[in-house]
Amino acid sequence: MSDIPSDLKYVASHEWIRDEGDGVVTIGITDHAQDLLGDVVFVELPEAGAEFAAGDDLGVVESVKAASDVYAPLSGEIVAVNGELEDAPELVNSDPYGDGWFIRLRLTDVTEVDDLLDADGYAELCEAES
Amino acid sequence: MGHKTALYEKHLQMNAKLVDFGGWDMPIHYGSQVEEHHSVRRDAGMFDVSHMTVVDVTGADAKEYLRYLLANDVLRLQQQGKALYSGMLNETGGVVDDLIVYLMTEPDVTGEWFRVVVNCGTREKDLRWMADHTALFDSVALTERPELAMVAIQGPNAIAKVMTVVNESRVKLIDGLQAFQGLESEGWFFAKTGYTGEEGLEVMVPEEYVADFWQALADAGVAPCGLGARDTLRLEAGMNLYGADMHEKVSPLTANMAWTIAWEPIERDFIGRKALEKEREAGVKQKLIGLLLETRGVLRSHQKVMINGEEVGEITSGSFSPTLGCSIAMARVSANIADTCHVDMRGKLIEVKVVKPSFVRHGAKVY
Chain A
4 MSDIPSDLKY VASHEWIRDE GDGVVTIGIT DHAQDLLGDV VFVELPEAGA
54 EFAAGDDLGV VESVKAASDV YAPLSGEIVA VNGELEDAPE LVNSDPYGDG
104 WFIRLRLTDV TEVDDLLDAD GYAELCEAES
Chain B
7 MGHKTALYEK HLQMNAKLVD FGGWDMPIHY GSQVEEHHSV RRDAGMFDVS
57 HMTVVDVTGA DAKEYLRYLL ANDVLRLQQQ GKALYSGMLN ETGGVVDDLI
107 VYLMTEPDVT GEWFRVVVNC GTREKDLRWM ADHTALFDSV ALTERPELAM
157 VAIQGPNAIA KVMTVVNESR VKLIDGLQAF QGLESEGWFF AKTGYTGEEG
207 LEVMVPEEYV ADFWQALADA GVAPCGLGAR DTLRLEAGMN LYGADMHEKV
257 SPLTANMAWT IAWEPIERDF IGRKALEKER EAGVKQKLIG LLLETRGVLR
307 SHQKVMINGE EVGEITSGSF SPTLGCSIAM ARVSANIADT CHVDMRGKLI
357 EVKVVKPSFV RHGAKVY
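These protein sequence lines map, in sequence, to chains A and B.
Under the numbering used here, the first sequence has 28 at position 25, and the numbering climbs by one with no breaks.
Under the numbering used here, the second sequence has 236 at position 230, and the numbering climbs by one with no breaks.
Since the hints were derived computationally from the structure, they do not count as laboratory data.
Even glycine gets a Cβ: it sits at the ideal position worked out from N, Cα and C.
Be aware that a few hints might be false.
In the EDC-like style, the derived pairs of lysine to aspartate or glutamate whose C-alpha atoms are separated by at most 16 Å in a straight line are [what the hints assert, rightly or not]:
| id | chain 1 | residue 1 | chain 2 | residue 2 |
| --- | --- | --- | --- | --- |
| 1 | B | Lys-354 | B | Glu-317 |
| 2 | B | Lys-178 | B | Glu-192 |
| 3 | B | Lys-255 | B | Glu-300 |
| 4 | B | Lys-354 | A | Asp-72 |
| 5 | B | Lys-354 | A | Asp-38 |
| 6 | B | Lys-16 | B | Glu-213 |
| 7 | B | Lys-359 | B | Glu-285 |
| 8 | B | Lys-10 | B | Asp-237 |
| 9 | B | Lys-23 | A | Asp-38 |
Incomplete in silico selection of chain A near chain B, CB under 10 Å [to be verified]:
| id | residue |
| --- | --- |
| 10 | Phe-45 |
| 11 | Asp-98 |
| 12 | Arg-107 |
| 13 | Thr-111 |
For each label pair, taking beta carbons as the anchor points, the in silico distance ranges come out as [to be verified]:
| id | chain 1 | residue 1 | chain 2 | residue 2 | range |
| --- | --- | --- | --- | --- | --- |
| 14 | B | Ala-250 | A | Asp-90 | 22 to 32 Å |
| 15 | A | Asp-59 | B | Thr-301 | 50 to 60 Å |
| 16 | A | Glu-47 | B | Lys-23 | 57 to 67 Å |
| 17 | A | Ser-133 | B | Pro-113 | 49 to 59 Å |
| 18 | B | Gly-193 | A | Gly-86 | 54 to 64 Å |
| 19 | B | Gly-28 | A | Ser-133 | 53 to 63 Å |
| 20 | A | Thr-111 | B | Asp-26 | 43 to 53 Å |
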């Protein structure tokens, strides 16, 4: 069973969202997603300053098995990108909720957070998919 | 639920992630495909390949039958245990399957017989094809050996580690093996063959003994490896995968397998010979090349290969090379390609280097 921390929010496309306060969130992909992908070998992310609307393509994760798009779960401006992933993409596998984070986003509309799944909702979704 | 090999319980114990492979539940990895790949290049890893099909070919006409069935010539096997890689072709010169055939006795003796190992995904088709062509010969018998499990142990330290878990007579037998030779030992069969580009053995084991053998190897420090690592290892070594790099509509001449066709002696008729001769006379139209992407991204099968905006072929196998840290691929193309070409990767044309389709041997880059 994959790890789904209860203090995070989720979207159906398998990204997680952590509220850092002050309208900033951290985003990554879930343990379930990294397990499906297998060994991650490249992560392609936009640069800080780029702006996204919820649902936009944010980047690409390439594993040994497949290429997978990453979507922006919320609208906002990127304030930080995890540069560690350039040299150590395997962090996405080993620590998806910690050192394997992707980006920090300053939200355009904090009320969008209300539409996200909680851990139980995401767990149900994963179960239904498997 | 698929077929299970005799190692199924071991795979579960060792936390394998299982996938369906040709109707069998097989390990894709035991945690990390990339780490397993490195184990084979740097030390020793083992693969359960019991799903592969072993067929013994016996009878007074066994040799003549195989000389007709295969594009390579078993007459080249002049020492007990020696192995030959060959395509088994159809009348149009397409590859029905690729296989390894071992001469199990001394050559030219009464009772001379052979052992053939074919792919798992093609088992039924192959058995039918092989059986159909026995009709042309008086005395050939085909015996499938499903009770033999098979473990491939590969890597620079693989042979030394196997030697620590077998008895003294088997240590001697392994020590005396030449490359591409396999010999029996009380129902077991040890062959110096593999599909990784490293030194190693493929061992056939009666299935009641294989779980203990696997555990002993694990205790000796041999890493269990899944089919995922097997695929990246064989791709780095430039070895074809049946169904991807060649199949029934592809001739060995366009699959980097010309070396497996024994044209001489010219009197030998084999299935597909006429078609291959025609193709050779007309000039071979396609070839298999290697591609190397030195920037980010991973080449994938079926991506289009382009020159000057024109499609000239497609990738037959592509993946990430853990040893090289970048993506590699094999592609079948119709044109003569110089040093570079482009690949259509998710709508973008990306420049790649063209190399011989062999990337890594014995742990080091070779292109």
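Hint-by-hint comparison with the structure:
With a C-alpha separation of about 14 Å, the suggested pairing of Lys-354 of chain B with Glu-317 of chain B holds against the 16 Å cut-off. Between Lys-178 of chain B and Glu-192 of chain B the CA atoms are separated by roughly 14 Å; this keeps the pair inside 16 Å, and the hint holds. The hinted pair formed by Lys-255 of chain B and Glu-300 of chain B fails the criterion: a straight-line CA distance of about 32 Å is larger than 16 Å. For the hint pairing Lys-354 of chain B with Asp-72 of chain A, the CA-to-CA distance comes to about 15 Å; that is within 16 Å, so the pair holds.
At roughly 28 Å between alpha-carbon atoms, Lys-354 of chain B and Asp-38 of chain A are farther apart than 16 Å, so this suggested pair is violated. A C-alpha spacing of about 13 Å is found between Lys-16 of chain B and Glu-213 of chain B, which places the hinted pair at or below 16 Å, so the restraint holds. The suggested pairing of Lys-359 of chain B with Glu-285 of chain B is violated, with an alpha-carbon distance near 28 Å, which exceeds 16 Å. The hinted pair formed by Lys-10 of chain B and Asp-237 of chain B fails the criterion: a straight-line CA distance of about 20 Å is larger than 16 Å.
Restraint check for Lys-23 of chain B and Asp-38 of chain A: satisfied, since their Cα atoms lie roughly 10 Å apart, inside the 16 Å limit. Contact between Phe-45 of chain A and chain B, as hinted, is supported at the beta carbon level, the nearest pair being about 5 Å apart and thus within 10 Å. Hint status for Asp-98 of chain A: violated, given a least beta-carbon distance of 14 Å to chain B, over 10 Å. The interface hint given for Arg-107 of chain A is violated, since its Cβ lies 22 Å from the closest Cβ of chain B, which is over the 10 Å cut-off.
The interface hint given for Thr-111 of chain A is violated, since its Cβ lies 28 Å from the closest Cβ of chain B, which is over the 10 Å cut-off. The supplied range of 22 to 32 Å is met by Ala-250 of chain B and Asp-90 of chain A, whose beta-carbon atoms lie about 31 Å from each other. In this structure, Asp-59 of chain A and Thr-301 of chain B break the distance hint of 50 to 60 Å, their C-beta atoms being roughly 24 Å apart. For Glu-47 of chain A and Lys-23 of chain B, the Cβ-Cβ distance of about 25 Å falls outside the hinted range of 57 to 67 Å, so the restraint is violated.
In this structure the supplied range 49 to 59 Å holds for Ser-133 of chain A paired with Pro-113 of chain B, their Cβ-Cβ distance being about 55 Å. In this structure the hint that Gly-193 of chain B and Gly-86 of chain A lie 54 to 64 Å apart at CB holds, the actual value being about 57 Å. The hint said 53 to 63 Å for the Cβ distance between Gly-28 of chain B and Ser-133 of chain A, and at roughly 23 Å that hint is violated. Between Thr-111 of chain A and Asp-26 of chain B, the C-beta spacing of about 44 Å keeps the proposed range 43 to 53 Å intact.
Violated hints, listed in ascending order, are 3, 5, 7, 8, 11, 12, 13, 15, 16 and 19; each of the other numbered hints is respected by the structure.
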